[in-house]
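Student: Sequence:
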Amino acid sequence: MRSRSSLIPICVTLAGLASFSVMDGVMKAASIAAGAYAALFWRNVFGLGLMTPVWLFTRRREGAAGFPTLHVLALHLGRAALCGVMAGLFFWGTIYTPLAEAMALSFIAPLIALFLAAVFLGERIARRAFAGSLLALAGVGVIVAGTVAAGAHYSPAAVHGMIAILCSAVLYAANLVVQRRQAQLAGPVEIAFFQNLFIALLFAPGAWWLAAVPHGGLLALIGVGAALAVVSLMLLGWAYARAEAQVLVPLEYTAFIWACLVGWLMFGEAVTLRTLGGVVLIVGGCLLAIATRTVPSDNGQPNPA
Numbered sequence: 271m272r273s274r275s276s277l278i279p280i281c282v283t284l285a286g287l288a289s290f291s292v293m294d295g296v297m298k299a300a301s302i303a304a305g306a307y308a309a310l311f312w313r314n315v316f317g318l319g320l321m322t323p324v325w326l327f328t329r330r331r332e333g334a335a336g337f338p339t340l341h342v343l344a345l346h347l348g349r350a351a352l353c354g355v356m357a358g359l360f361f362w363g364t365i366y367t368p369l370a371e372a373m374a375l376s377f378i379a380p381l382i383a384l385f386l387a388a389v390f391l392g393e394r395i396a397r398r399a400f401a402g403s404l405l406a407l408a409g410v411g412v413i414v415a416g417t418v419a420a421g422a423h424y425s426p427a428a429v430h431g432m433i434a435i436l437c438s439a440v441l442y443a444a445n446l447v448v449q450r451r452q453a454q455l456a457g458p459v460e461i462a463f464f465q466n467l468f469i470a471l472l473f474a475p476g477a478w479w480l481a482a483v484p485h486g487g488l489l490a491l492i493g494v495g496a497a498l499a500v501v502s503l504m505l506l507g508w509a510y511a512r513a514e515a516q517v518l519v520p521l522e523y524t525a526f527i528w529a530c531l532v533g534w535l536m537f538g539e540a541v542t543l544r545t546l547g548g549v550v551l552i553v554g555g556c557l558l559a560i561a562t563r564t565v566p567s568d569n570g571q572p573n574p575a
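Per my numbering, residue 271 is the first one in the sequence shown, and the count goes up by one each step.
Each hint should be verified, as a subset may be incorrect.
Cβ-Cβ distance ranges computed for the label pairs, FRET-style [to be verified]:
#, residue 1, residue 2, range
1, R397, L326, 45 to 51 Å
2, L557, W479, 45 to 51 Å
3, L471, V429, 29 to 35 Å
4, A285, T328, 17 to 23 Å
5, L277, A477, 51 to 57 Å
6, A474, F327, 24 to 30 Å
7, T322, A401, 40 to 46 Å
8, A427, A351, 23 to 29 Å
9, G348, H485, 31 to 37 Å
No lab work stands behind these hints, which were simulated from the structure alone. Every residue gets a Cβ at the ideal spot worked out from N, C-alpha and C, and that includes glycine.
All chains, full assembly: derive it from the sequences and hints.
Tutor: Given below as structure tokens:
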């Protein structure tokens, strides 16, 4: 039986992934309405507005220690650049691809991330983590193979959307590894504030031409997306500071369940028995992977740089 310190980061990660999945659906709707660039830029502007007072309050309470070092700032900037390109590709791809299918394609990321964590973080990949990831990936394969067997026809735009999502998945794998290192050096509030700040700044040069100011329902939609993204960043930042990447990364597969539900409710995308069968394998793989060993606890204290 896992200790309480092991279960809490897992539960927090699941909550963060659920929030991110709902945000994906909201941002797909916003991207269809305004374009992926505009939706992503304004989401981060709104997120920055939400996080600025929280970060200022936290910094005032912590004093001089509340401002990150240049090394940590560089890490924030690097991850923001990575996430900006990654998210832009993913949201653009979802315009032409059903949300559940987009999520399925993106699930090459956790498997790549396990090996990246071993190379860059020095984590030893346990056999169950590897086997669980393969089982979950097989669930994704069942879904994709079933779609191909059904003779689905893809337009050139849909093919381009899939390619964009696959490229996004590779970047997302790198993001998962950087996220673990970032969470060891910075708190959730700092992570959420600087990610929104840097992505907004990086996208600002093109905003004059590509990101018209949203109004009405679109404004509300992007505001909801920003709030969900902030909540997700803080939850995942907290969890990744307290658990190894190899334990939390396989949980990414549970996002598919939420993608199916959101795609059905928001866009009328059908959920088939084949899809449900794939979900069973995905959940089974997650359960196998997180049973690797007890998550080490560091009481939330960042490791020294």
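Student: Now, for every hint given, state plainly whether the structure supports it.
Tutor: We went through each hint and held it up to the structure:
no., hint, in the structure
1, R397 - L326: 45 to 51 Å, "46 Å, holds"
2, L557 - W479: 45 to 51 Å, "48 Å, holds"
3, L471 - V429: 29 to 35 Å, "33 Å, holds"
4, A285 - T328: 17 to 23 Å, "21 Å, holds"
5, L277 - A477: 51 to 57 Å, "42 Å, violated"
6, A474 - F327: 24 to 30 Å, "25 Å, holds"
7, T322 - A401: 40 to 46 Å, "44 Å, holds"
8, A427 - A351: 23 to 29 Å, "27 Å, holds"
9, G348 - H485: 31 to 37 Å, "34 Å, holds"
Against the hints set out earlier in the document, a violation occurs for number 5 only.
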